[in-house]
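K.L.:
Residue numbers (this note's numbering), protein chains in the order written: chain F, 1 to 284; chain C, 285 to 568; chain D, 569 to 852; chain X, 853 to 1136.
These are computed hints drawn from the structure, not numbers from a lab. All C-beta atoms, glycine included, are put in the ideal place defined by N, C-alpha and C. Incorrect hints may appear among the rest.
[Said to hold, decoys possible] If you want a taste of the chain D side facing chain X, the calculated C-beta under 8 angstroms gives, among others: (1) A686; (2) V696; (3) A741.
[Unchecked claim] Subject to a maximum C-alpha distance of 25 angstroms in a straight line, what follows is the list of computed DSS-like cross-link-like pairs (lysine-lysine): (4) C:K371 to X:K859; (5) D:K660 to X:K1016; (6) C:K529 to F:K92; (7) X:K881 to D:K575; (8) X:K887 to X:K1016.
[Unchecked claim] Calculated Cβ distances over 10 angstroms to all of chain D for the following chain C residues: (9) P301; (10) N302; (11) F317; (12) H321; (13) D322; (14) N327; (15) K376; (16) S416; (17) A455; (18) Y535.
Protein chains: 4
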Amino acid sequence: SRFEYVKSFEQDDSILPNVWIVIRIDGKKFHKFSKTHDFEKPNDENALNVMNAAATAVLQEFRDVVLAYGQSDEYSFVFRKETTAFKRRSAKLLTYVTSLFSTSYVMHWSKWMNLPLAYAPCFDGRVVLYPSEQNLKDYLSWRQADVHVNNLYNTAFWKLVLEKGLTNQEAEAKLRGTFSADKNELLFQEFGINYNNLPAMYRKGTILLRKRVIVGEKSRQAIVPLHEDLISSHFWKQHTEILGKYVPGTYDAPVPLPRLVELQLNEKQVSEEAEEPQNEARIS
Amino acid sequence: SRFEYVKSFEQDDSILPNVWIVIRIDGKKFHKFSKTHDFEKPNDENALNVMNAAATAVLQEFRDVVLAYGQSDEYSFVFRKETTAFKRRSAKLLTYVTSLFSTSYVMHWSKWMNLPLAYAPCFDGRVVLYPSEQNLKDYLSWRQADVHVNNLYNTAFWKLVLEKGLTNQEAEAKLRGTFSADKNELLFQEFGINYNNLPAMYRKGTILLRKRVIVGEKSRQAIVPLHEDLISSHFWKQHTEILGKYVPGTYDAPVPLPRLVELQLNEKQVSEEAEEPQNEARIS
Amino acid sequence: SRFEYVKSFEQDDSILPNVWIVIRIDGKKFHKFSKTHDFEKPNDENALNVMNAAATAVLQEFRDVVLAYGQSDEYSFVFRKETTAFKRRSAKLLTYVTSLFSTSYVMHWSKWMNLPLAYAPCFDGRVVLYPSEQNLKDYLSWRQADVHVNNLYNTAFWKLVLEKGLTNQEAEAKLRGTFSADKNELLFQEFGINYNNLPAMYRKGTILLRKRVIVGEKSRQAIVPLHEDLISSHFWKQHTEILGKYVPGTYDAPVPLPRLVELQLNEKQVSEEAEEPQNEARIS
Amino acid sequence: SRFEYVKSFEQDDSILPNVWIVIRIDGKKFHKFSKTHDFEKPNDENALNVMNAAATAVLQEFRDVVLAYGQSDEYSFVFRKETTAFKRRSAKLLTYVTSLFSTSYVMHWSKWMNLPLAYAPCFDGRVVLYPSEQNLKDYLSWRQADVHVNNLYNTAFWKLVLEKGLTNQEAEAKLRGTFSADKNELLFQEFGINYNNLPAMYRKGTILLRKRVIVGEKSRQAIVPLHEDLISSHFWKQHTEILGKYVPGTYDAPVPLPRLVELQLNEKQVSEEAEEPQNEARIS
Ligand SMILES: Nc1nc2c(ncn2[C@H]2C[C@H](O)[C@@H](COP(=O)(O)OP(=O)(O)OP(=O)(O)O)O2)c(=O)[nH]1
Ligand SMILES: Nc1nc2c(ncn2[C@H]2C[C@H](O)[C@@H](COP(=O)(O)OP(=O)(O)OP(=O)(O)O)O2)c(=O)[nH]1
Ligand SMILES: Nc1nc2c(ncn2[C@H]2C[C@H](O)[C@@H](COP(=O)(O)OP(=O)(O)OP(=O)(O)O)O2)c(=O)[nH]1
Ligand SMILES: Nc1nc2c(ncn2[C@H]2C[C@H](O)[C@@H](COP(=O)(O)OP(=O)(O)OP(=O)(O)O)O2)c(=O)[nH]1
Ligand SMILES: O=P(O)(O)OP(=O)(O)OP(=O)(O)O
Ligand SMILES: O=P(O)(O)OP(=O)(O)OP(=O)(O)O
Ligand SMILES: O=P(O)(O)OP(=O)(O)OP(=O)(O)O
Ligand SMILES: O=P(O)(O)OP(=O)(O)OP(=O)(O)O
Ligand SMILES: [Mg+2]
Ligand SMILES: [Mg+2]
Ligand SMILES: [Mg+2]
Ligand SMILES: [Mg+2]
Ligand SMILES: [Mg+2]
Ligand SMILES: [Mg+2]
Ligand SMILES: [Mg+2]
Ligand SMILES: [Mg+2]
Ligand SMILES: [Mg+2]
Ligand SMILES: [Mg+2]
Ligand SMILES: [Mg+2]
Ligand SMILES: [Mg+2]
C-alpha cells in the first residue's frame, strides 16, 4: 500500500560482534512495590525467589544466556560474545528478555507469595556491552559489591529500627560515616549477629548457571542458583564453562535441593518441548 | 569501588527532540500461543480485549501517550512529539512500555478468558520515530490497512475451513490471487455475510484515546476504545486533541458502555492515586 | 578470504528519513591558525572568502545542499529533507563534505591570500538533524545571532586595542557587562563608527544559495553569496526555493559582481563537466 | 538567545570504551582522479608517497594512533584501545583524521608529483570498532590480502595491455578464472618478471609506525614506513609496541633512508612545536 514507506523509518540496531551483551533489568519503583506487598526487611526470601524464578525462565528460553546475576529488584543477563540470537538486534534482545522476565515474575508470584499482586509490576531494561572478559567480570563484581554495601547497611539499619526502636532518622544518623568494620561490629555487639552467617543469598545475591543435575542415576540440565563470591578468581576457575565452551558443568547440589531446582525437575524438560529452538548454543 | 568504571560503558540513547515516538509491541509466536489457548478464529473477542486492557494500563501510566492502536497480537503507542518522559531515553521508554504491557496482559487475562495461561506470554518492542504529522498518520494507516487485508482474508479462509469443510490447503488455493472485491463477494454469496457488518473491532482494530466520559452529572477521564477509520481525514478532525493541545475531548459513549470503560469507572481514578506523576502532559 | 568477516563489524548509520540534515564544520584551533597567518582583526575579508570559496565547492558538488551558512571559521550545510545522497549514510555525507571543504580551502587559499599556508589546516564536522522547518530556521538563526554578538564585541574590542592602545585586559574590562546598545554607542562616540554601516559579511555572515545568474542575454546557475538577515521572515519569503521545490530563483546581482561569482562564471559550468552526477536534485 | 535550544538536537556519539578504533579513509572516485593525473599503472610510486606523507601527518598529530596501513587510495588508522582523545567522540575523531589527511594530501602533492592538482581531491572516512586483538589483526590482514589480490591482477593486466598490446577486454578475458599461481607463472613466462621481486610497497602496502630513528649519536622519533607482511605472527613479535605499551621500538633503517623519513628529520621536531599536545600517549 501507499503507506508502506513508513516501515523504512525503522533503524538498524545490530550490536557490534564479539562483545559480551549484558541486559540488566530493574524493578520500577520497587521502594513502593515492596512496601505495598509487605516485603520483609531488609530481605524478603520469597520475593527474591520470585525474581530468581522469573530469571530462570529467561535462561530456559535463551540458551545463549550463560549466566544471570540477581540482587534486590534487579537481574543481569549475560549473553555469550558469539551469540547470533535475533541477529544481535538490540531492541529484540532487550525487549524479549525484559518482557519474559516481567510476565514470568507475575506468573510465579503466587508460588512464593501469600498476598495477591496489588497491581502490575514493571521493569526497565538496558543493554550494556563489554569487550573483554575482565570488563565482564568487573561488571558482575560491581553488582556484587553493590549488594554487599547495601545489605550490610540495610541489615544494621533495620535491626536498629525494628529491634531497638530507633526512628528511621535516628538509625540513619547512627550509621552515617561508619565503615564496614563498624557495622559488622555493631551487629555483633548489639545484636549478637555474625554478619557472615546471614544467608548467602542476602549477602552475595544469586548467580544462575546452567548445570547438569544428577538425579539418581540420570543427569539432566537445569538452571541452578549459587550464592558464591564471584569477585574472587576461584569462582571463575570452578565454573570454566561460563567463559569457555559453554558445556555445563555438574551441579554440586546442596541437600535439600533448592525449591527453585526441584520445581524444574518436576517439569517436563524444556528442551524436549521446544519446537523450534531459536538460540542454539554449543551445549552438549 | 574499583569496579565502578564499568558503569561508563552504558551509552547515551536519548531520542532526537521534536519527533513522534512510536513504540510497537508484538506478541512472540502468537501463532502458537493462540492455538494453545484456543483463540476463536479468526478473531477472539476476549483475547483482543486482553490486549486492549493491557494497552489501557499503559495509557493510564504514561500520560504522554496520546493514542494507541492495536490489532491482532500487536499494539502501537504514540508519544507526543514534545514528551520529555524519562528524558526521552530510548531504552527506558521502550522497556517500561513493553514490560507494563506484558505484565498487565497477564494480570488482566482471567478477567476475559476462561482458560488459565499455559505459559508466560512474551512481547517484543521497538521504537520508531516519525518527524511529521503526515508520517505519523501514514504509520497508523499502514497498521490499519494491514488489519483490513489480513482480516478479510482470514474471515474468508476460516469460513471455508470451518463451515465448508475445506482443508487449509484447499482454502488457501481457493483464495490465492483474489482481490478484496472477490472475497467480499464470496462471503456474501456463499455465507450470506456482509463483511461490513462484521464487528468493527475485527475490521478496524482498536484505537485507544483519553476522553472525558460523562457519567450522570459528573465527568471523568478514561481511556476509551474506538473502532473508527483512521485513514480518512474525518477521524483527525473529530479528535483534534491528538495532534493538537492534548486536551481530551468528550467521549461519544455507546450504550451499553464497553466493559473496558466500565471497569475503569469502577476503579478509583488512577491519577488520584499516583503519588508522583512522572509524565506530566498538558491535559486539563 | 578468512579475514573478510571483519567487514561485518561496520555498522549501519543511515539517517532517519524526512529530517533536515545539517553538517557543520569548524576550523580546528583557528585562534592559532588566524594568528599564524596574520588574519586582519576582527575580520579578514580574504580569509572569510577562502571559507566561502571552499563552501561554494561543496554546493557545486552536492546538489542536495540547498543552503550553506558561514561565519568565522565555521560553515553549515543544509541537505534537503528528502535527500537520498549516499543512501543518507551519516559518515559518508559527513566525511565527503568535511573532506571536500578542507581540500578546497587549501586549493583556494592562494587566490585570496598572500602568505603561503604555514601548515595544513584541519576542520571538524558534525551531523545534526532537524525535524521541522521551524527547527531549521532556528538553527540558522542561532548561528547568525552568534555572529552578531561576537562581531559587535570583537569590533569594539579591537578598536580599543588597535586604535586606543588599550591592552587586551583593559579592553576586556571596559566591555565587561555592556549591552549591545552600549557597544554601538561606544563605537559611534569614540570612533565615529556606525556599526550598521560595517560590511554586511562581517555582521551577518554569508548565506550561499544556488541561483540563476543573468549574464547578458543568457542565464546560468551559480552559487551566490548573500549577507542578509535570515532571522526575519522576509528572507524566507524572498527565497522560497530553499524550503520549497528547490527551483533556483534569480540572483539579484550587485554591481560589480562578487569575485566569488565571477570566478564561477569564468569556469566551464560544473554541471556540464560532471560525468556522473551523484546527487540529483529536482532543479530545473 | 531563544534559538539556543537547537544545540540540544546534537546527539552524543561517544565510542564504547576498550575497543580498537579504526578509521579508514578512501579516495572518492580515484579511478577518475588517477586517470586525470596520469598515475603510472598499476602503481604510481609518487602518488602512493603522497598518500604516505598525508598519513604521516595524521600520525604526527594524533599520538594515540599506534599504526596506520595504506594501499591504493585508502589508509587505515588504528587508535589504541584506551584512547580518550576527544572523549572518544566518534564524529570528532572521524572528521579530524579525514580532514587532516585530506589537506595534507593537497599540501604534500607538489613534493612528489610534477602535474599540478586539476581539482580538489576528496576522501570518505568511516569508523569501525574491533573488540579483540585478533579482530584487529584480521582487519589489517584483510586489507593486506586485498592489496595482494588486486596488485597481482593489475600487474598482469597492465603488462598485457601496455606491453603486449591487448585491449582491456582481451586482457580481462585472458585473466578471468585464473589463480594466483597462474598469474605468477604468466608474469614469469611472458614477461620474465618474478612477482616477488617487485617493490614491496606495491605488493604489501605501507605500514606506518612511530619509531626511534638513530641519527649519528642521537636518536629521535619519526614515523617510518614498512612494507612487511603483517599477516604473519612474525610482524607482531617484531613490533610489540603496537599492542603493548606503545613505547616506540628502534627503526631498522634501510640505506638510503626513505625520503619520507628524511623529510621528517629535516623538520623541526613536531612534538617540540606543539603548544598543547591533545592526545597524550604513554610514550617514553
Ligand atoms: N523490604 C524489601 N525491599 C526490597 C527488597 N528487594 C528490593 N527492595 C526494595 C528496596 C529498594 O527501595 C528498592 C530497590 O531500589 P531501586 O534503586 O531499584 O529503587 P526503586 O526500584 O524504588 O526505583 P527505580 O524505579 O528503580 O528508580 O527495592 C526486599 O527483599 N525487601
Ligand atoms: N485465532 C486467533 N489468532 C490470533 C488472533 N490474534 C492474533 N492471532 C494469531 C494469528 C497469527 O498467527 C499471530 C500473529 O501473527 P505474527 O505475524 O505476529 O506472528 P507470530 O506472533 O506467530 O510470530 P512473531 O513471534 O511475532 O514473529 O497471532 C485471534 O484473535 N484469534
Ligand atoms: N583575526 C581573525 N580571527 C578569526 C577570523 N575568523 C575566525 N577567527 C578566529 C577567531 C577565533 O579565535 C577562532 C574561531 O573560534 P573557535 O571557537 O572556532 O575556536 P578555535 O578554532 O580556536 O578552537 P576549536 O578547535 O574550534 O575548538 O578563529 C578572522 O576573520 N580574523
Ligand atoms: N594507475 C593507478 N591507479 C591507482 C593507483 N592507486 C589507486 N588507483 C586507482 C585504482 C582504482 O580505480 C582506484 C581505487 O579504487 P576504489 O575501489 O577506491 O574506487 P574509486 O576510488 O574509483 O571509487 P570510490 O569513490 O572509492 O567508490 O584508484 C595507482 O597507484 N595507480
Ligand atoms: O536507578 P539507579 O539510581 O540505581 O541508577 P541507574 O539505574 O544507573 O540509573 P537509571 O535507572 O536512571 O539509568
Ligand atoms: O514480524 P513480522 O514478520 O510481522 O514483521 P516485522 O515485525 O517487521 O519483522 P521483525 O519482527 O523481524 O522486525
Ligand atoms: O567548539 P565550541 O566551544 O564553539 O562549541 P562546540 O563546537 O559546540 O563544542 P564541541 O566542538 O566540543 O562540540
Ligand atoms: O567502496 P568499495 O566498493 O571498495 O567497498 P566499501 O568501501 O566497503 O563500500 P562503501 O564505500 O559503499 O562503504
Ligand atoms: Mg535505575
Ligand atoms: Mg528499582
Ligand atoms: Mg534496583
Ligand atoms: Mg515481528
Ligand atoms: Mg507476533
Ligand atoms: Mg503480529
Ligand atoms: Mg567546536
Ligand atoms: Mg574553530
Ligand atoms: Mg568556530
Ligand atoms: Mg568505498
Ligand atoms: Mg576510492
Ligand atoms: Mg579504494
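K.L.:
For each hint, tell me whether it holds in the structure or not.
P.N.:
Cross-check of the supplied hints:
no.: 1; hint: A686; verdict: 10 angstroms, violated
no.: 2; hint: V696; verdict: 5 angstroms, holds
no.: 3; hint: A741; verdict: 25 angstroms, violated
no.: 4; hint: C:K371 to X:K859; verdict: 16 angstroms, holds
no.: 5; hint: D:K660 to X:K1016; verdict: 40 angstroms, violated
no.: 6; hint: C:K529 to F:K92; verdict: 33 angstroms, violated
no.: 7; hint: X:K881 to D:K575; verdict: 21 angstroms, holds
no.: 8; hint: X:K887 to X:K1016; verdict: 21 angstroms, holds
no.: 9; hint: P301; verdict: 8 angstroms, violated
no.: 10; hint: N302; verdict: 5 angstroms, violated
no.: 11; hint: F317; verdict: 32 angstroms, holds
no.: 12; hint: H321; verdict: 38 angstroms, holds
no.: 13; hint: D322; verdict: 42 angstroms, holds
no.: 14; hint: N327; verdict: 34 angstroms, holds
no.: 15; hint: K376; verdict: 20 angstroms, holds
no.: 16; hint: S416; verdict: 6 angstroms, violated
no.: 17; hint: A455; verdict: 39 angstroms, holds
no.: 18; hint: Y535; verdict: 31 angstroms, holds
Of the numbered hints stated above, those contradicted by the structure are hints 1, 3, 5, 6, 9, 10, 16, listed in ascending order.
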